[in-house]
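2 protein chains.
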Amino acid sequence: MQSMEVWVTYASTYSYLTVSRVGALAQARGVTLAWRPFSLAAIRDALKLPFPFPPDSPKTAYMWLDVERRARLLGLQYRRPDTYPVNAMQTARVALVGERDGWCQAFTEHVFRLHWVDGRLIGTDDNLRTALGSLGLDADVVIAQAWSQDITDRLEQRSAEAMSRGIFGAPSFIVNGELFWGDDRLEIALDRATGK
Amino acid sequence: MQSMEVWVTYASTYSYLTVSRVGALAQARGVTLAWRPFSLAAIRDALKLPFPFPPDSPKTAYMWLDVERRARLLGLQYRRPDTYPVNAMQTARVALVGERDGWCQAFTEHVFRLHWVDGRLIGTDDNLRTALGSLGLDADVVIAQAWSQDITDRLEQRSAEAMSRGIFGAPSFIVNGELFWGDDRLEIALDRATGK
Numbered sequence: 405m406q407s408m409e410v411w412v413t414y415a416s417t418y419s420y421l422t423v424s425r426v427g428a429l430a431q432a433r434g435v436t437l438a439w440r441p442f443s444l445a446a447i448r449d450a451l452k453l454p455f456p457f458p459p460d461s462p463k464t465a466y467m468w469l470d471v472e473r474r475a476r477l478l479g480l481q482y483r484r485p486d487t488y489p490v491n492a493m494q495t496a497r498v499a500l501v502g503e504r505d506g507w508c509q510a511f512t513e514h515v516f517r518l519h520w521v522d523g524r525l526i527g528t529d530d531n532l533r534t535a536l537g538s539l540g541l542d543a544d545v546v547i548a549q550a551w552s553q554d555i556t557d558r559l560e561q562r563s564a565e566a567m568s569r570g571i572f573g574a575p576s577f578i579v580n581g582e583l584f585w586g587d588d589r590l591e592i593a594l595d596r597a598t599g600k
Numbered sequence: 405m406q407s408m409e410v411w412v413t414y415a416s417t418y419s420y421l422t423v424s425r426v427g428a429l430a431q432a433r434g435v436t437l438a439w440r441p442f443s444l445a446a447i448r449d450a451l452k453l454p455f456p457f458p459p460d461s462p463k464t465a466y467m468w469l470d471v472e473r474r475a476r477l478l479g480l481q482y483r484r485p486d487t488y489p490v491n492a493m494q495t496a497r498v499a500l501v502g503e504r505d506g507w508c509q510a511f512t513e514h515v516f517r518l519h520w521v522d523g524r525l526i527g528t529d530d531n532l533r534t535a536l537g538s539l540g541l542d543a544d545v546v547i548a549q550a551w552s553q554d555i556t557d558r559l560e561q562r563s564a565e566a567m568s569r570g571i572f573g574a575p576s577f578i579v580n581g582e583l584f585w586g587d588d589r590l591e592i593a594l595d596r597a598t599g600k
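Protein sequence lines correspond, in order, to chains A and B. Letter by letter, the first sequence follows residues 405 to 600 of the working numbering. Letter by letter, the second sequence follows residues 405 to 600 of the working numbering.
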């Protein structure tokens, strides 16, 4: 069975489009997903990349137009979040706990759905604790683990790995070492994973 | 008959993918193209956008990977140009003469093909004069017109129009006022032009 790495950040708007559909698409094609939650903060600083969507920029206005248009085309529910950007660092740390413990995909799908469908913002205690509770996890325990040295080390290693593999944005996909960036490259990444 | 505006810059790598195929795709769907050659230089300065693909950035390395991958997927010829970035200001000015005089599409297709297939770089006299000669035009006459006050005025108006319409990159498409950015949005822009 082929495998595809899915690199997502929780502050990324386009990651919603991917997170909402990659599970079903991969399953239908027999592709195993390796979830790689990460943060772009350190990478952006190191590469001197600007925050991708600064306020009052036409590029930001277009991003909202395009994300909604793609959500409609893909048949996804869409409600524009009230707040942008969000601080998703704690959510990324919790996702690393989930990667370690085997519930990263379910957690990720849940926090994105809360954010983009129910208006319960990623980065808030409400979003985080609701998602963890839905998975039957003890939120206090998991959040304490999220700030442990083990997860701090994993987060730093993940950022270093992202940079060494040429990742500069999210979502990104890696298949046999080949990089794909952006939700609109999801299908061809999956095609590569199935040998097409 | 529906119409679609095609905004291209001659220094843009992804514009090659669009220029090589938009003519045939539009014709097959009965969509009329309104060519809008422009320059991003003034817009980038005004919006404080960085040059999109700085040297030694992983984003630049990915751009080359992705452009070639898409060219292969789309069945286009591809030869990576020896020089990047190129200075395409004179080419943009000549394209504005072509827009005024009705040969913009043929000129644009020609200079991109020379650059991306034959290794004759956009921005060089060789590229420009070869393209103009192929169209049966007197290169000296056209280049003199390209630096006339009329074309300077058109170039400035075009930059102002681009900014007022929210354009920040190339290629871009506009259908009934709706903006689409990027070669990978060409098909949905054409769909919109045909009422889909």
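No lab work stands behind these hints, which were simulated from the structure alone. Please note that a few of the clues may not be correct.
Since the list gives no way to pick one copy over another, a pair counts as held whenever it fits inside one copy or between any two copies.
Derived DSS-like pairs: lysine-lysine, alpha-carbon spacing no greater than 27 Å straight-line [said to hold, decoys possible]: (1) 600 to 452; (2) 463 to 452; (3) 463 to 600.
Exercise. Starting from the hint list further up, note which numbers the structure goes against and sort them upward.
Key: Of the numbered hints, just 1 does not hold.
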